[in-house]
Amino acid sequence: MMPDLGKYAQPVLWSYAASIAVLVVIVAASLIEGRRVRAEMRRAEEDRDV
Amino acid sequence: MSKPSSLWEYANPVRFLAVSERILPALWVLSLACLGIGLAWGFFFTPDDFRQGSTVKIIYLHVPSALMAINAWFMMLVASLIWLVRRHHVSALAAKAAAPVGVAMTLIALVTGALWGQPMWGTWWVWDPRLTSFLILFLFYLGYIALWAAIEDPDTAADLTSVLCIVGSVFAVLSRYAVLFWNQGLHQGASLSLDKEENVADVFYIPLLVCIAGFVLLFLALVLYRTGTEIRRRRARALRARSALA
Numbered sequence: 001m002m003p004d005l006g007k008y009a010q011p012v013l014w015s016y017a018a019s020i021a022v023l024v025v026i027v028a029a030s031l032i033e034g035r036r037v038r039a040e041m042r043r044a045e046e047d048r049d050v
Numbered sequence: 001m002s003k004p005s006s007l008w009e010y011a012n013p014v015r016f017l018a019v020s021e022r023i024l025p026a027l028w029v030l031s032l033a034c035l036g037i038g039l040a041w042g043f044f045f046t047p048d049d050f051r052q053g054s055t056v057k058i059i060y061l062h063v064p065s066a067l068m069a070i071n072a073w074f075m076m077l078v079a080s081l082i083w084l085v086r087r088h089h090v091s092a093l094a095a096k097a098a099a100p101v102g103v104a105m106t107l108i109a110l111v112t113g114a115l116w117g118q119p120m121w122g123t124w125w126v127w128d129p130r131l132t133s134f135l136i137l138f139l140f141y142l143g144y145i146a147l148w149a150a151i152e153d154p155d156t157a158a159d160l161t162s163v164l165c166i167v168g169s170v171f172a173v174l175s176r177y178a179v180l181f182w183n184q185g186l187h188q189g190a191s192l193s194l195d196k197e198e199n200v201a202d203v204f205y206i207p208l209l210v211c212i213a214g215f216v217l218l219f220l221a222l223v224l225y226r227t228g229t230e231i232r233r234r235r236a237r238a239l240r241a242r243s244a245l246a
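Sequences listed follow chains A and B, in order. No gaps in the numbering here: position 9 of the first sequence is 9 in the numbering used here, and each next residue is one more. No gaps in the numbering here: position 191 of the second sequence is 191 in the numbering used here, and each next residue is one more.
The shape of chain B in the complex, shown without the other chains:
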């Protein structure tokens, strides 16, 4: 296959499938390696925090999953905008493919947050700005998936889910910046910062970065694989429709 001259050539489903089949094995291996190493490092080989005790080990799941829950929605937003502007089916299918992965990431962030919050704050849940906006983001994910499932015509479904994605982006932004917008609530500020004073201690920082890399790579692998599945499903449906007409 010739080298593409433009990024938009990947919008061709055949080229997209060819490229993703080539890079997926490496992505699976790298993501599992980073996750395995990062989580094992964080769980077995990092010390307890002087204030939070061993609950600090939850950071290796909570921070990467929360990061990916928000970034997955932004990836869906970009793909939806590309669909609305350029009408590339692959981008609409990529957004559809990313939603269940985003749900999984949001669920992990909410569950680990509750499990971490209980011993630290004395409560599983509080209607804090960040927690509430995260819960709304989770509901938006479910609504997005339900909307795709409810509409039979795929182009109409892609149009309407793209609009929903744009609206939901408000809550994705709020999930990230709620702590800065409202100076209230129990949730702390960012765990990762360019400011060394605000950053987590180095002993936690490096395994956390490895875990984040693992979550990012796993997200990419899942989205590429699931987009391929959606492309094939669309092709099978088109072939069936053509045979029915013949």
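Okay, chain A solo, but in the shape it has when bound:
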């Protein structure tokens, strides 16, 4: 299944690993921050309604 990348295996594999890592970090950071801010807004609304 794994293609034969020959003598360029390292740069190709590193490119894929680094790029996927950056994409995962930006997506995960956005989702975590989004959930945190949602909870913060909910708390602020609850405090206002008290």
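Worth flagging that the hints you see were computed from the coordinates, not collected in a lab. Do not rely on the hints blindly, as some may be mistaken.
Listed next, with one range per pair, are the computed distances between beta-carbon atoms [as the list claims (entries may be wrong)]: (1) A:Ile32 with B:Val203: 37 to 47 Å; (2) A:Glu45 with B:Val29: 26 to 36 Å; (3) B:Ala201 with A:Glu45: 48 to 58 Å; (4) B:Ile166 with A:Arg35: 25 to 35 Å.
Just some of the chain A residues that point at chain B, by a computed CB distance under 7 Å [to be verified]: (5) Pro3; (6) Leu5; (7) Val12; (8) Trp14; (9) Ser15; (10) Ala21; (11) Val22; (12) Glu33; (13) Gly34; (14) Ala39; (15) Met41; (16) Asp47; (17) Arg48.
Fair warning: this is a prediction, and the values are worked out from it, not measured in the lab. Where a beta carbon is used, it is the ideal one built from N, C-alpha and C, also for glycine.
Fit chain B to the known structure of chain A by using the hints.
Leaving out everything else, chain B in the frame of chain A:
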């Protein structure tokens, strides 16, 4: 919710959140599907190039990310101009939300470019016009994010970052057209062209288009989601400020 009669109605934060919540699930799924299919197709099922060998597989990451690094800045420019002219908070927050995504795209383009350049040119980096303008664009992204973080008043921050965005657009243009402006340097011309002679071969072209679609959709999903986060953060801050005054 009634159908908006004008595009500007999306500048209403409540309407923006309602619409983005509706379309975000489809955008996430489509972007991940396009990225998964495009990258798997490019990596596993395309042949090596007769000159570049298997390094041609880096094209599926390098070209879409470089494209989005430049286009993200242009999206921020349009949003900043809308803020400066019409004072819609959603547009300023959309520009702010897009910047970290632009940084990620620029970083991928720079890293994959260096990894591709080393075996092909014999060097990780060269002060070539396109590479240099791309590095400056990356620094502009960092400066833009730092400026937002450094100024407490959000309207003042939006004003100053909008001006920075306009100035940085020069380097976004240079990043795209540096190869044409200066006929020197190692970087090749565009990989995608309407001229069939200049375009990459068909066997690489279709998976590349799928990857580009994946990067564009992921950018849209991230910017919509992050803009929603910025709107909620602003609302929470306003509620806290109101409770403190009461």
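These are the hints, each one checked on the structure:
1. Checking the proposed 37 to 47 Å range against Ile32 (chain A) and Val203 (chain B) shows it holds: the Cβ atoms sit about 39 Å from each other.
2. Distance hint check: the CB atoms of Glu45 (chain A) and Val29 (chain B) are about 30 Å apart, consistent with the given range 26 to 36 Å.
3. In this structure the supplied range 48 to 58 Å holds for Ala201 (chain B) paired with Glu45 (chain A), their Cβ-Cβ distance being about 56 Å.
4. The hinted range of 25 to 35 Å is satisfied by Ile166 (chain B) and Arg35 (chain A), whose Cβ atoms lie roughly 34 Å apart.
5. The closest approach between the C-beta of Pro3 (chain A) and any C-beta of chain B is roughly 6 Å, which is under the 7 Å cut-off, so the hint is satisfied.
6. With its C-beta approaching chain B no nearer than about 4 Å, Leu5 (chain A) sits inside the 7 Å limit, and its interface hint holds.
7. The interface hint given for Val12 (chain A) holds, since its Cβ lies 5 Å from the closest Cβ of chain B, which is under the 7 Å cut-off.
8. The closest approach between the C-beta of Trp14 (chain A) and any C-beta of chain B is roughly 5 Å, which is under the 7 Å cut-off, so the hint is satisfied.
9. With 7 Å as the threshold, the beta carbon of Ser15 (chain A) comes within range of chain B, its nearest partner Cβ sitting at about 5 Å, so the hint holds.
10. Proximity of Ala21 (chain A) to chain B is violated relative to the hint, the smallest CB-CB distance being about 10 Å (cut-off 7 Å).
11. About 5 Å separates the beta-carbon of Val22 (chain A) from the nearest beta-carbon of chain B, less than 7 Å, and the hint is met.
12. Look at Glu33 (chain A): its Cβ gets to within about 6 Å of chain B, closer than 7 Å, so that hint holds up.
13. Because the beta carbon of Gly34 (chain A) sits about 4 Å from the nearest beta carbon in chain B, less than 7 Å, this interface hint is met.
14. The beta carbon of Ala39 (chain A) comes no nearer than 9 Å to any beta carbon in chain B, farther than 7 Å, and the hint placing it at the interface is violated.
15. For Met41 (chain A), the interface hint holds, since its Cβ comes within 7 Å of a Cβ in chain B; the closest pair sits about 4 Å apart.
16. A distance limit of 7 Å between C-beta atoms decides the matter here; for Asp47 (chain A) the minimum to chain B is near 6 Å, and the interface restraint holds.
17. At about 5 Å, the closest approach between the beta carbon of Arg48 (chain A) and any beta carbon in chain B falls short of 7 Å, and the interface hint on this residue holds.
Checked against the numbered hints given earlier, the structure breaks hints 10 and 14 and satisfies all the rest.
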